[in-house]
Structure formats: C-alpha cells, structure tokens
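Number of protein chains: 2
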Amino acid sequence: MALAAVGTALAAQAQAPALPAPESVTLDKLGYMTTFPPEGAQRVDLSNSFKYPQMRWALQHLRELQPTHNIRRGSAAPSPLPADPKPLGSVVFDDDKGQPITVDQWLTRTYTDALVVMHKGRVVYERYDNQMKPHTPHLLFSVTKSFTGLMAAQLAHEGKIDPNALVTKYVPELADSAWGDMKVREVMDMTGAVRFREVYTDPTTEIFGYSWSSGMLPRPPGYQGPTNVYDFLKTLKKEGEHGAGFVYRTVHSEVLGWIVSRATGKHWAELMSDNVWQKLGMEEDAHVMVDSVGTPLQGAGLNATARDLARFGEMLRLGGSYNGQKIFDKAVIDDTAKGGDREKFKMGGMAFRPGYSYRNQWWVLHNADGAWEAAGIHGQFIHVNPAAEMVVIKLSSHPVAGAGFTHPLTFKAWAALAQAVRR
Amino acid sequence: MALAAVGTALAAQAQAPALPAPESVTLDKLGYMTTFPPEGAQRVDLSNSFKYPQMRWALQHLRELQPTHNIRRGSAAPSPLPADPKPLGSVVFDDDKGQPITVDQWLTRTYTDALVVMHKGRVVYERYDNQMKPHTPHLLFSVTKSFTGLMAAQLAHEGKIDPNALVTKYVPELADSAWGDMKVREVMDMTGAVRFREVYTDPTTEIFGYSWSSGMLPRPPGYQGPTNVYDFLKTLKKEGEHGAGFVYRTVHSEVLGWIVSRATGKHWAELMSDNVWQKLGMEEDAHVMVDSVGTPLQGAGLNATARDLARFGEMLRLGGSYNGQKIFDKAVIDDTAKGGDREKFKMGGMAFRPGYSYRNQWWVLHNADGAWEAAGIHGQFIHVNPAAEMVVIKLSSHPVAGAGFTHPLTFKAWAALAQAVRR
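Protein chains in written order, with UniProt numbering: chain D, 1 to 423; chain P, 1 to 423.
Just chain D, same shape as in the assembly:
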C-alpha cells in the first residue's frame, strides 16, 4: 500500500503541467528582490519561496531566507580546476521524443542555472544562466542525501557505525517510531518501511510535517506540531516490512545524518568542512539549512557551487582521493558505485529509472559505463561516468519537482555528453 501510494504520488508529479516558457521566467525578467525594499510581486519570502517562479530566485538565495550552518572551505588556496573548453553546447542529440536538440537547448528547456562538464579532470564545458555565477551557491535538495550517505558508508567502513545494528543503538529516541526495529543498512539504502507520503496538494500527508517542523514552509496559524526535524521523526510510524523493497523517503536521510552525528559527536556541517570541503580545496564555503535548534537538513538542505561539486564528483571518479587527500576509502566508493539490489529497487515505483539501484543514498544506473549519480528535485545532479572519465554537474530550477518528468530527456543528454567527450 505504501509502495502504491509512492507510485501514485510520482505518477502525479510526472504528469506534464502547463510549463512556463523558459525565457519568461528568467530572473532578469522577473526582477525579484532588486529594489529596496522589494514591493508586492517582486518579493520572495518564506510565504512563496517554494512557489514558482519565485523558486528560481530562492534556489540561489536560500540563506537569505533561512538560518544556515556554514561549511567552511578553510584557508588554503583552492585546488586547481584546469579548463580545456570544448564546444559541447552545440552538440546535437535526439531528445526523448526523437527530435534533434542541442546541449544548450536542453539546458534552456530544463530551466538550467549551471552546467559543468568535466572530462579527464578538466572542465570541458561550463555555462551559467538565470543570474547564476561561478561563485553562487545553489540549493541541492536531495543531492544532500548522497553526502550523508557516503559519510555514513565511510564510518561503516571504519567500524564506527555498524550497518547491521538497529538504528536505536545510536538513536534510542526513535524506539517508538518506524525506526524502532529498523537496521542502519535499511536506512542507508532506503529499504526501511515508514509511512511518509509526499502529496504536495494534501497537507495531511507527512511531507507537510517535515516542511513545517524544519521551517522550510511557514507554519499554519495555531500550529501545535513538532518544531524541529528530530521531534518530527519520532512521530513517524512503520508501514510495511523493513528490507522488503526500496522506498524513497527523505526522512531516512535525516535519520542517517542523526546516526552520523551520534557516532562522531560532530555536527554534519563540521564533518563536511573538516572531511570534505577543506580537503578538496573548494573555492567557496558551502552551507546547509538548519531548523530551529540547529539541526541540519541532512536530506535536503545543502547549498554549494557547481565548480565545487565538480571537484567532489571528480574525487568520486578517481576513487575517493583528490587534491592529494583521501576523502573516502576506495572500498567505500566501489561499494557505492557497484549499486544495490535491483529487484528491490523495482518495488520503489520509479519506472522512469529503469534498471537502477540505490546504494548508500546514491542512484546507480547499472549501464555499460558504470554511471552513478546524486539527484535532487527541480533538476540537481552530480553525474559520474567512470568509463567516459566524465563528471557532470547540473543545477536547475525546473518548475516540476519530480525527476520523472525530465528523466527520459536527462538520460539522453548524459549519453550524448559521454559520447561527445570521448570524441
């Protein structure tokens, strides 16, 4: 029943809404937040920041709307990101309807804010639109999960987290919740069964509890529910059988981040700074949205630049080391990239991701190139293609949240780029 509900929600998301023409919803045209103060329709605030097209502004300006925890890059000079530009924008490929389209047209059609393509460690194509700049941090939504997942996998590799232990070994507060009898591995791979419905038009579904408790959406008048994410997690109940199948749930990532903090005694943002951002030699600080008591949104709240994500992706492609530093053990990267259980994945209702699996909070394509990726709603991607020696970062503000709507086209674009860089 849970799986059916997921399928329904995803199918609803995949239905084509009336999309605004991309050129009609550029920030240059919309003029949000450009006067002092912004008046009327020019305002983006908490009441409309996740509405469209206001979201086009919000995804590049989250920290102006929400409290955030900084992820410091450190004091060292940034690691080099050499460029070897190729005219990939004019590469033509057949879209999902069989019609020719160029890479640049694909970017425009999918409301892209930034694209960085790396090949053999060099930036071969880099493009920004919609007022985004190389130094602009962009909200990554569920790409955040993949950072949390790799952190947890590394800790498991080091013996600091036991994937076979119960979640309650680390977070006893969850004893009476869906996670009470769930194993850590079932959280890491999202095979734990928890009732969490995401129907964006139905405020009785649990996604609203998540959004209100985290502060992502303003609370309705008289709201009496949880006022932070961890208190909200305690309210969620089991629905189905743990381990039976893949059930994509943002709340698993929040629990996983909680486990990571308990195992290390450190805040997620400090781990990200110490173990990832500083070691990779990032160009800019990143940041993560926090709730009213400082809990990072470990499943949805990370903000970073496309170039820094390119460094991260390149580190993944190279097996966990970069800039003379080991970020993750190669065994952790290999375990993630080889993927999870494809049969269990089929039960997740994501038919638009045929043949995929999900492992350590990463999507694994199981294609001939061995590709794997992190993905977030509205078009956020870290795509790693080991065979093509390619990494693609795509940050977008697409009007449709769910990946189902754009994925058939995205799939074609990944293939076209992999072919183009190989030439």
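Take the hints with a grain of salt, since some may be wrong.
One copy or two, it doesn't matter: identical chains are merged, so the pair holds either way.
Straight-line distance between alpha carbons at most 25 Å, and here's what the computed DSS-like set of lysine-lysine pairs gives [to be verified]:
| # | residue 1 | residue 2 |
| --- | --- | --- |
| 1 | 133 | 266 |
| 2 | 86 | 169 |
| 3 | 266 | 29 |
If you're looking for bench data, these hints aren't it; they were derived computationally from the structure.
Use these hints to put chain P onto chain D, whose structure you have.
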C-alpha cells in the same frame, strides 16, 4: 524630553547588575548546542538567543539562527597580515578604580571573545577565548552603523548623495515619518529628532517594534505590526527639533542604509563585498542579518572576523587605502576622524564619553592621539589611534549591553595599549 529619556535609559544600563563570574559563562562550561539535538537548557534558539548567557553562543553563531546575506571576499588570496608578537597580555595598567590589572585580566573581566592589536601594520597581539577562532565571524551590533556611515560619506563625497537634501529625496516613503523634514546630514550624524525609546524591560518602547519587525526577537502571539524594518521606520514620529543635538538612534542607520541603496541601486551586502571586502583582501566572507524581505540590518546586523576587521581598521589608519586599493577617499576618512559638533554631542546624554563627538556614524574621542572608533553593545570595537599607529579590535559578549558600564575601564585600556605599543 527625548534627551532626558535617553539619559534615563542609559543610566539604567550603566547600573551594575549582578555579573556572572566570567569563568562560569564560558561556552566550554555551558555546553550549548553540542549534542544532537541540543536538549533543554543546552538549546540556543530564537526564544533565548539575546538572553544571557545564551548570547555568548549566539554572537558567534548568528547565521545559524537568522537569515543572512553573504558578503563575499572574492577569489583572490587574502592580503598579508604580518605578525610581530609582543607580550601585551602582561602589560599592567590601573583600572577605573585605580587598581592594577593586566591586559589579559581586562579581557577576561570584560567577557572578551577576541582581541587583535595592530601596530604599524603588524599584528602585535592576538587572542581568542570562549571558543572563538581566527575564522569565526562575530556579531558586531552597532559597529555595523560605522560601515554604513562611511559608505554614505563616500557617496556624498562623490556627489551621489546630497547631505543637505531632505531624506525624502531618496526615500519618499518616509514623508509622513520623523524623517519627513529631516536632512541627510542629520541622519548621518544622528542629530535628527525621532521618538525611539530603548527600554529593554518595556515592550511599549520602540526598540521592541524594531526587534519584532526585523525578526531579531520572535514576535508575540497575535502580532499585527510591521513585518520588515522599512515598514517599521515609516511608523516612527518626530520628537523635538532636527539638528538641535545628538540623539543616538539605531533607526537612523537603517534609514541611512536605505538612502545608500537607493542612491546606488545596490544591496548593502553587495556594496560591502564589491567595495570593501574584496578590495581589502579579506580572509573570510562576512554576512549581515536580513529581515523577512531581505533588508539588511544596516545598523546592527554585520558579522565578521577580528582579523578582517583589523584589515579594515588598518585601512582607516592609512587614510582609506590598503592592499593597493582605494577603499575610501582620504577626504572622507579625514572628515570622519576630525569629528563632529562636540556641543551637540553633549546633549546626547552620554556622559561616559566625555569630550567625544559623532560623525558619519563614528565616535571621535578628540584626545591627543586623534583616536576614533566604532562601537557596538556587549563590547564590540574598532579603535583607531593614528598617533600611536595602532588599531585595536575587541569583540566581546559582555552581559551588560550598554557601553556606559564598561567604558571607563575601556578608556584606560586603550591608553595602556597605546603606551605599550609605543615602547
């Protein structure tokens, strides 16, 4: 009457409360926000962030509590900040009661988080306490005003703001407020007469309207007042005669920032990044708290590191240029440092600042060394002493907000430091 009210409020602040022993309110001892999640008394959130001792944490973590606008440092390597350490911590001087005290004891006694002393362009003493680090941004409160004031003075020098024009030339929305018949210069030097009482125990005084509209304090249930700072400013009324005397009012700085944004078409934080932070070669990004529609708190919301403020102070000492860049014209620096009308200053009720004046939102000491300074509640300072070729940055989290309580001691410390560096 307004001036009397100010005097009363300041006198109340200057009364010695029962101060906690400094060693009893260190963050190491208090343990705020160190567990996941922080429970009960360990929590610092919007309900207690400006209470004591929770404030000790909040002043180093403001962006984890509030929305902020980043002030980017740019991509260049930081400008050098050479060190030439001197044992200034053990320098002994007589405190305001005539008792001997060392510099380090002074720092502890005034709940100091960071101190940087520059002499002839070199860092001669640098100390951090209370978990603060060289890269930690600290809330500067009214030191913020001094940035806004210099920006405005520079624009006036360039002819982009007319100090003799009415405020309404730039901000017609203020026509029906206290600023309706006020000149820009009266805003810059705080001689405009506006009813704005700061009695922290009386929620009918206007400081509460400022705190609620800005979001600095959580709004009471059923709050129907302004939800952003500019809307709040429109509600304030004239009380007294413009230009008659100095009346210290945070709201003047907010109006001045509004004028600056109107004159330049740019957000305060972008001006700070483009014209100040990037040119000075700062080590870290800074940030400013914003209200619900992105308005920066131009009188109270800046956060920066002590080392970056040292660069700023050194630029002031050198007459407006630093790191091979002109930040302000020398005429602007000279006009500010030479001060304003000392007779008018006396009317402001700040007897603890004898002989001072206020010019372009800076405090001018009119002492033999030609010293001038920016100051914020709870012990924030940029102190420039041209004759001693010294700049002092002091960032603190003192339990008493008003400067009156600590100023007699601060004054002695400035003199002791100036004497010590000259040796």
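Comparing the hints with the structure gives:
When the C-alpha separation of residue 133 and residue 266 is checked against a cutoff of 25 Å, the pair qualifies only between copies, where the shortest distance is 17 Å, while the shortest distance within a copy is 32 Å. Proximity of residue 86 to residue 169 under the C-alpha cut-off of 25 Å is found in neither arrangement, the shortest distances being 51 Å within a copy and 52 Å between copies. For a Cα distance limit of 25 Å, the shortest separation of residue 266 from residue 29 across copies, 18 Å, qualifies, whereas the shortest one inside one copy, 43 Å, does not.
Violated hint for the displayed structure: number 2, the only one.
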